[in-house]
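Number of protein chains: 2
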Amino acid sequence: MENIFTDEYFMKKALIEAEIAFEKGEIPVGAVIVIDNKVIARSHNLTELLHDVTAHAEMQAITSAANYLGGKYLKDCTLYVTLEPCQMCAGALYWSQISKIVFGASDENRGFLKMGTQLHPKTKVVSGVLEKECAILMKAFFRTKR
Amino acid sequence: MENIFTDEYFMKKALIEAEIAFEKGEIPVGAVIVIDNKVIARSHNLTELLHDVTAHAEMQAITSAANYLGGKYLKDCTLYVTLEPCQMCAGALYWSQISKIVFGASDENRGFLKMGTQLHPKTKVVSGVLEKECAILMKAFFRTKR
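If you read the sequences in order, they're chains A and B.
Each residue of the first sequence is one higher than the one before, starting from 1 at the first, in UniProt numbering.
Each residue of the second sequence is one higher than the one before, starting from 1 at the first, in UniProt numbering.
With the rest of the complex left out, here is chain A (with noise of 0.2 Å):
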């Protein structure tokens, strides 16, 4: 039988919650946690409605799926984010421990990459799954700001 549940299936999910964002007039970011293929955390970027630079999608995801698993640590769970994590949330990753962190869009001014943001070693980063769509969907964004 054939698996579903690829990288793509998982930020499929993710893009969906990205769109959610974007029909709130959020920069358009969503992110899931994922443990054994069930997804325990779904989230978007909430910055302008709750009016706190702390609400990207990945810091509500990790803050999530830690009160779902009842510890802190999110060893062998996946994030899937449509775009690139920044230095916060790359921080925020760095003490979770997490196993793998899939990103789509890179964000070539903010990123954690860029940024030379430590993640903990055993943490495995894959990039650029679904990246055109997870990229149109921010350009259809800022298109809407000018």
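Calculated directly from the structure, the hints in this document are not laboratory data.
A hint or two may mislead.
The list makes no distinction among identical chains, and a pair is therefore deemed to hold if it is satisfied within one copy or across any two copies.
[Claimed, not checked] Restricting the straight-line Cα-Cα distance to at most 20 Å, the calculated cross-link-like pairs of lysine to any residue (SDA-like) are:
hint, residue 1, residue 2
1, Lys-122, Arg-110
2, Lys-114, Lys-124
3, Lys-24, Gly-71
4, Lys-75, Leu-50
5, Lys-122, Ser-99
6, Lys-100, Gly-71
7, Lys-24, Gly-70
8, Lys-24, Glu-133
9, Lys-38, Ser-99
10, Lys-75, Ala-55
11, Lys-122, Asn-109
12, Lys-75, His-51
13, Lys-75, Glu-48
Knowing the structure of chain A, use the given hints to seat chain B on it.
Relative to chain A, chain B alone:
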């Protein structure tokens, strides 16, 4: 008339928060955010109690201050924190565009200076305020954990 509102004055308030964290069995870090010599947010580390790596004192203080101000930018605000911020907290402070960060003890291993986390260009940093008092609390805490 003498100005009582020195950096030491507000760091003492942050230290009181750190002591509350200590009493709760949390790594003893406390923070306050001040605008116009008025404390608008006070918080202490709650990562163990909340099972949440994002519950650092600074993160809670940022959310709380933004809530008070009704906007996500912390311009004209100063954060006083007993320990040098980590990557995550410095990353959040970057987004907040906070005017000034004052910290007590340095974190040689996981502090943002060592990690190279970028702050907003408008943010000033003062270090070593009540450093000894802040560091003693940390050392006392880790002694109880051995």
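Right, here's what the structure says about each hint:
{"no.": "1", "hint": "Lys-122 - Arg-110", "verdict": "between (23 Å within a copy, 17 Å between copies)"}
{"no.": "2", "hint": "Lys-114 - Lys-124", "verdict": "within (17 Å within a copy, 23 Å between copies)"}
{"no.": "3", "hint": "Lys-24 - Gly-71", "verdict": "between (31 Å within a copy, 17 Å between copies)"}
{"no.": "4", "hint": "Lys-75 - Leu-50", "verdict": "between (29 Å within a copy, 17 Å between copies)"}
{"no.": "5", "hint": "Lys-122 - Ser-99", "verdict": "within (6 Å within a copy, 35 Å between copies)"}
{"no.": "6", "hint": "Lys-100 - Gly-71", "verdict": "within (17 Å within a copy, 33 Å between copies)"}
{"no.": "7", "hint": "Lys-24 - Gly-70", "verdict": "between (30 Å within a copy, 18 Å between copies)"}
{"no.": "8", "hint": "Lys-24 - Glu-133", "verdict": "within (19 Å within a copy, 46 Å between copies)"}
{"no.": "9", "hint": "Lys-38 - Ser-99", "verdict": "within (15 Å within a copy, 42 Å between copies)"}
{"no.": "10", "hint": "Lys-75 - Ala-55", "verdict": "between (22 Å within a copy, 18 Å between copies)"}
{"no.": "11", "hint": "Lys-122 - Asn-109", "verdict": "between (25 Å within a copy, 18 Å between copies)"}
{"no.": "12", "hint": "Lys-75 - His-51", "verdict": "between (31 Å within a copy, 14 Å between copies)"}
{"no.": "13", "hint": "Lys-75 - Glu-48", "verdict": "between (31 Å within a copy, 16 Å between copies)"}
Of the numbered hints stated above, none is contradicted by the structure.
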